[in-house]
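Take the sequence shown: its position 2, counted from the start at 1, is 2 in the UniProt record's numbering, and no numbers get skipped.
Note that these hints are calculated values from the structure, not bench results. Watch out, some of these pointers could steer you wrong.
Mimicking DMTMM-like on lysine to aspartate or glutamate, the simulated pairs with C-alpha atoms at most 20 Å apart in a straight line are [what the hints assert, rightly or not]:
#: 1; residue 1: K42; residue 2: D6
#: 2; residue 1: K33; residue 2: E56
#: 3; residue 1: K40; residue 2: E21
#: 4; residue 1: K42; residue 2: E56
#: 5; residue 1: K33; residue 2: D2
#: 6; residue 1: K42; residue 2: D2
#: 7; residue 1: K42; residue 2: E14
#: 8; residue 1: K40; residue 2: D6
#: 9; residue 1: K33; residue 2: D6
#: 10; residue 1: K33; residue 2: D77
#: 11; residue 1: K42; residue 2: E21
Computed beta-carbon distance windows for the label pairs [said to hold, decoys possible]:
#: 12; residue 1: P81; residue 2: G103; range: 14 to 20 Å
#: 13; residue 1: P102; residue 2: E14; range: 30 to 36 Å
#: 14; residue 1: L107; residue 2: F10; range: 34 to 40 Å
#: 15; residue 1: H63; residue 2: R11; range: 22 to 28 Å
C-beta: ideal position from N, C-alpha, C; glycine also.
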Amino acid sequence: MDGVLDLHTFRPQEVPDLIREYLHACRIRHITKIRIIHGKGKGVLRETVHAILRREPVVRGFHLANDRSSWGATLVDIYPPNVSLPPRRPPEAKVHRPGRVPGWYRLLHRIFVRHRGGI
């Protein structure tokens, strides 16, 4: 274990558990600087990785690698084992902004009211 996790060989459904287990295994071994290679592509896997990292209490911070891999890898800084962890972060929820009409309503309104003269 060297602090580098390459996700290219894993199926997408394996990634969340794999990342959590890897972070905790690194922490036990006093590896606090981790590189997660997710690839460039469309960014779907990168967003999945970042969503997982945001919720993990062992993660002190993370950012995209700024080297030859560019945005194909994320560098993660985790708390060492001798530091107590902050409270677990709640999952992010989509918040409806008051006063703003949902997109699906605007779409239906456009279809039925404007084009057909009413519902």
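Tested hints:
At most 20 Å may separate the alpha-carbon atoms for a hinted pair to count; K42 and D6 meet this at roughly 17 Å. Restraint check: the Cα-Cα separation between K33 and E56 comes to about 15 Å, which is no more than 20 Å; the hinted pair holds. Pair hint K40 plus E21 does not hold up; C-alpha atoms about 23 Å apart against a cutoff of 20 Å. Distance check on the hinted pair: K42 and E56 sit about 24 Å apart at the alpha-carbon level, beyond 20 Å; violated.
This hinted pair checks out: K33 and D2 have alpha carbons roughly 10 Å apart, not beyond 20 Å. Our distance criterion of 20 Å between C-alpha atoms is broken by K42 and D2, whose separation comes to about 27 Å. This hinted pair checks out: K42 and E14 have alpha carbons roughly 19 Å apart, not beyond 20 Å. Under the criterion of a C-alpha separation no larger than 20 Å, the hint pairing K40 with D6 is consistent with the structure, at around 12 Å.
Of the supplied pair hints, the one linking K33 and D6 holds, its CA atoms being roughly 15 Å apart against a limit of 20 Å. Annotation: proposed proximity of K33 to D77 holds, straight-line Cα distance about 5 Å (limit 20 Å). The hinted pair formed by K42 and E21 fails the criterion: a straight-line CA distance of about 25 Å is larger than 20 Å. Our hint of 14 to 20 Å for P81 and G103 is violated, since their Cβ atoms are close to 46 Å apart.
With their beta carbons about 34 Å apart, P102 and E14 fall inside the hinted range of 30 to 36 Å. Range check, L107 to F10: about 37 Å between beta-carbon atoms, so the 34 to 40 Å window is met. Checking the proposed 22 to 28 Å range against H63 and R11 shows it holds: the Cβ atoms sit about 26 Å from each other.
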